[in-house]
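Protein chains: 2
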Amino acid sequence: MERLILGMTAGALTTISFVPQVIKIYKMKDAKELSLATFAIFSCGVFLWLVYGIIIREWPVILANGITFALICLIIAMKIKYSGTK
Amino acid sequence: MERLILGMTAGALTTISFVPQVIKIYKMKDAKELSLATFAIFSCGVFLWLVYGIIIREWPVILANGITFALICLIIAMKIKYSGTK
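Chains as they are written, first to last, in the working numbering: chain A, 10 to 95; chain B, 10 to 95.
Calculated from the structure, these hints are not laboratory results.
Check each hint, because a few of them may be wrong.
[Stated by the list, open to error] Which chain A residues face chain B? A few, computed with CB under 8 Å, are given here:
hint: 1; residue: Thr-18
hint: 2; residue: Ile-25
hint: 3; residue: Thr-47
hint: 4; residue: Gly-75
hint: 5; residue: Ala-79
[Unchecked claim] Simulated pairs of lysine to aspartate or glutamate, DMTMM-like, Cα-Cα distance not exceeding 20 Å:
hint: 6; chain 1: B; residue 1: Lys-36; chain 2: A; residue 2: Asp-39
hint: 7; chain 1: A; residue 1: Lys-41; chain 2: B; residue 2: Glu-11
hint: 8; chain 1: B; residue 1: Lys-90; chain 2: B; residue 2: Glu-11
hint: 9; chain 1: B; residue 1: Lys-41; chain 2: A; residue 2: Asp-39
hint: 10; chain 1: B; residue 1: Lys-38; chain 2: A; residue 2: Asp-39
hint: 11; chain 1: A; residue 1: Lys-90; chain 2: A; residue 2: Glu-11
hint: 12; chain 1: A; residue 1: Lys-38; chain 2: B; residue 2: Glu-67
hint: 13; chain 1: A; residue 1: Lys-36; chain 2: B; residue 2: Asp-39
Note that beta-carbon positions come from the ideal geometry of N, C-alpha and C, so glycine has one too.
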């Protein structure tokens, strides 16, 4: 039970953590200091975790990684829009 | 076996993804566009995953989250050094 709460808290934190970054890019209209490589590689990893969650049919894994993947894609799209692909 | 490879690949990608961001901040000597809240919340989540890994005694979880936690702490330290706490 403690493990479940710990895992769910960890998953919730790593998922919601990207919301402030989305807001910050939107406000600053710039993201040149963000590494495109970092977010591109991270999105691939999160996508694989999502597939992993679907295979093992674990809804918390699917939900956490699905939302994180969407937020990371949004960050990548905003970075490309506001500061080119560098 | 396929699941193990999938999980290990996903873990490796989400871990190494932060290396380019560390390099980018070091080169640019600036990180004002990076959200401190994002990396602070993310580090808490990764730390909980690390504790989770220690409790369930899963070395891949401990290793992946241990390295990620170290890289995120480095990013936070560099951000504070180069651009203040904003």
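Here's how the hints hold up against the structure:
no.	hint	result
1	Thr-18	holds, 6 Å
2	Ile-25	holds, 7 Å
3	Thr-47	holds, 4 Å
4	Gly-75	violated, 14 Å
5	Ala-79	violated, 15 Å
6	B/Lys-36 - A/Asp-39	holds, 18 Å
7	A/Lys-41 - B/Glu-11	violated, 37 Å
8	B/Lys-90 - B/Glu-11	violated, 43 Å
9	B/Lys-41 - A/Asp-39	holds, 10 Å
10	B/Lys-38 - A/Asp-39	holds, 16 Å
11	A/Lys-90 - A/Glu-11	violated, 43 Å
12	A/Lys-38 - B/Glu-67	violated, 41 Å
13	A/Lys-36 - B/Asp-39	holds, 18 Å
Going down the numbered hints, you'll see the structure goes against 4, 5, 7, 8, 11, 12, while the others check out.
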